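Chains as they are written, first to last, in the UniProt record's numbering: chain B, 1 to 144; chain P, 1 to 144; chain W, 1 to 144; chain V, 1 to 144; chain G, 1 to 144; chain R, 1 to 144.
In case anyone wonders, no lab produced these hints; they're calculated from the structure.
Here the structure is a predicted model, which is why all the values come from computation and not from measurement.
Careful: at least some of the hints might be erroneous.
One copy or two, either will do: identical chains are not told apart, so a pair holds if it fits within one copy or between any two.
Unchecked claim - Straight-line Cα separation of at most 25 Å, DSS-like style, residue types lysine-lysine; simulated pairs:
no.	residue 1	residue 2
1	Lys56	Lys37
2	Lys7	Lys45
3	Lys130	Lys56
4	Lys45	Lys56
5	Lys130	Lys45
6	Lys130	Lys55
7	Lys11	Lys37
6 protein chains.
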Amino acid sequence: MSLAEQKRIGKIAMLYVLDETRQDSVEELGWIHCSGKVGSMESNKIVAAIETAAKKNEVINGSIYRETHALYHAIMEALHGVTRGQVQLGTVLRTVGLRFTVVRGQPYEQPEEGEWIAVALYGTIGAPVKGLEHEAIGLGINHI
Amino acid sequence: MSLAEQKRIGKIAMLYVLDETRQDSVEELGWIHCSGKVGSMESNKIVAAIETAAKKNEVINGSIYRETHALYHAIMEALHGVTRGQVQLGTVLRTVGLRFTVVRGQPYEQPEEGEWIAVALYGTIGAPVKGLEHEAIGLGINHI
Amino acid sequence: MSLAEQKRIGKIAMLYVLDETRQDSVEELGWIHCSGKVGSMESNKIVAAIETAAKKNEVINGSIYRETHALYHAIMEALHGVTRGQVQLGTVLRTVGLRFTVVRGQPYEQPEEGEWIAVALYGTIGAPVKGLEHEAIGLGINHI
Amino acid sequence: MSLAEQKRIGKIAMLYVLDETRQDSVEELGWIHCSGKVGSMESNKIVAAIETAAKKNEVINGSIYRETHALYHAIMEALHGVTRGQVQLGTVLRTVGLRFTVVRGQPYEQPEEGEWIAVALYGTIGAPVKGLEHEAIGLGINHI
Amino acid sequence: MSLAEQKRIGKIAMLYVLDETRQDSVEELGWIHCSGKVGSMESNKIVAAIETAAKKNEVINGSIYRETHALYHAIMEALHGVTRGQVQLGTVLRTVGLRFTVVRGQPYEQPEEGEWIAVALYGTIGAPVKGLEHEAIGLGINHI
Amino acid sequence: MSLAEQKRIGKIAMLYVLDETRQDSVEELGWIHCSGKVGSMESNKIVAAIETAAKKNEVINGSIYRETHALYHAIMEALHGVTRGQVQLGTVLRTVGLRFTVVRGQPYEQPEEGEWIAVALYGTIGAPVKGLEHEAIGLGINHI
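Please take these sequences and the hints and turn them into a complete structure.
Here it is, written out as structure tokens:
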């Protein structure tokens, strides 16, 4: 039950969202992944965009609830990092423009630890006026 | 009032905390910075370790309250990403082992946007038993 | 100021929401009560459904604000149990299907402790797709 | 991906914590379970008591982190119902006396939904003076 | 069920905490009240100081739980204004120095609205170093 | 780095929002300020009303993001005092009617502490029915 040094799924997902070319390092591990972009004042649209991408790219199996449940909580945890206090956007007059990556793999040395999922978010958050914004980052990790 | 592409302070601080060798890129910009490690079940010790490092390395001027205030809120925001819900560690029976970086610079193209401070955290969070943990990340940004 | 063993209002309200036939045990105590069902992605509709039922069934007197105030806080506390972190539904892309009970009575042995109100919630929470859901429970108690 | 009517793990865990004799209904399903009592002003002791009981009674395998992780989040979610706002006890001058049950089983009709874990809490919360308290309830559910 | 213009209990409690000489205006209304000072890094000590003062000055009857319950929630709501996010002090390395007032009266025109209680807090919050602080204010109101 | 006794910006902003005639005391200090009223079930409209007033009255320079950022966080902190738990209004079926003041000045004795901004809120919060409401207060302070 220790994290394998070369398989740190959170770090890998974060480097990938910060730099698209890092996709290679995910594939070398043979891990499933997807990435995308979403901008919205509606937090539910952020959740929906990530869930849809993860299902379409078969990072999770959308017909099994336990996989959706694992992904949902990883997304919510990542959103805590982005929103830092209240998981709200438009209702507190702010908007985000985010890139996201979802990575599914085996980060632990012991095979019985099984698969885990990481959701990484990077982008900007701010007033609904271009430029009135700063960066924001979030990472959520869950067993799947 | 737009973020300069090569001066994305949040991304820079995050890459630096994920990879110590990235320190160079901060120095090329002429920005002040510091980094360190802290592990604890007491959240106040995390805050203290980062504040102490930032003052000792003159990233902030500890005798001016507005600088301490700016840093404090950036730390708290970064801790939201790490703790994802309640900014609590030992009181909910969990512990963290974190690396941190603090970067101070001018991320916007307009000089009147002045200086900003970014606090990036990366490490593990989990039960107070070695190995029972997963990764966690946080980023806080504030004007200074 | 101790809870009477046979008048545990929270337990009574919870058993009643889990099993409609338990209504009898509330009536034996001579306590006022109501129950109902509500499903929605909009958290305000959950609040409104419970308030409306409580007023229509005269569990509270809708023309006295202190009674509405007592009920409102009991509902909000019960919603904390259902939502577990952020009192949000549709804004974080989830929906609930709930049964609710509201019970008003004297749970303490001392008559000067007066009347209290309990709101119990039981149902499912999950993605806005049938079956992608698990159970959720909440209980709120307030003096009235 | 639908909940089997007779296998509603949350309802079963809640009825069990409200009434010890309900243990039979858990055993008829062939599900693993444990129960216990804990009273404290320190929230970490609540978490520790439940984790220890679940490991000792082999409801989870304490040497596999993913099982500890699943249980931990179920406990935290149940504590949200009990604390309703801030997962804090002594730090906001209140204490709890709780009974807890942990149930592990297959609540969904589809076998691929696998095992889930439910943590139910019932007891009193109040000032650190006997009798100055009312009831509190919490339920947390997670895939395992 | 409307607030009487001259009996705005929240405004009265706030003016009183901001200016000790305002005590007169509370007494003219014939309302019960108390005030005091408390400084601490431990949030439970803030709660205890206010509860103790309110009982000793007979603003509430400490032997009736419903009065303690009403006061407790008013204190917690006032602390939300002071702490603005997490009701934590020392655990996030900050301390407060506060004056408090507790006022009990009938703010509504209709006699059936009965008595309400207001807790007002005013002081400073900041790092545990003299001067590294700014002001903070909180108000909690509850029916009693 | 100590607060000047006659320049307590939070107290000044709060007295001003409680009593319009206090505007004079702000002007004697030579500080910039504005005030206004806003009532809404939509929390984003509260934020927008305050931001708009502060820009129109040149309390902040709307074309510099760091000033908008400082004001935004002060508003959010003030809203914590008003909402006491979840920064939500209509989504939890409640509405507010608020007066607000924004004050910008130098509250510290040391000139290097520079300018700070205070946002004070006072009004009523309650059900969307006239009279079903009690008072609420919030104060947010930030360096600018």
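Hints and how they fare:
Proximity of Lys56 to Lys37 under the C-alpha cut-off of 25 Å is restricted to the intra-copy arrangement: shortest distance 14 Å within a copy versus 35 Å between copies. Taking the closest pair of Cα atoms, Lys7 and Lys45 never come within 25 Å of each other, the shortest separation being 30 Å inside a single copy and 29 Å across copies. Taking CA atoms no more than 25 Å apart as the test, Lys130 paired with Lys56 passes between copies only; the shortest distance there is 19 Å, against 31 Å inside one copy. Taking CA atoms no more than 25 Å apart as the test, Lys45 paired with Lys56 passes inside one copy only; the shortest distance there is 16 Å, against 33 Å between copies.
When the C-alpha separation of Lys130 and Lys45 is checked against a cutoff of 25 Å, the pair qualifies both within a copy, at 19 Å, and between copies, at 19 Å. Within a single copy, Lys130 and Lys55 get their C-alpha atoms only as close as 31 Å, which misses the 25 Å cut-off; across copies the closest is 17 Å, which meets it. In this homomeric assembly, Lys11 and Lys37 come within 25 Å of each other (Cα to Cα) both inside a single copy, at 19 Å, and across copies, at 17 Å.
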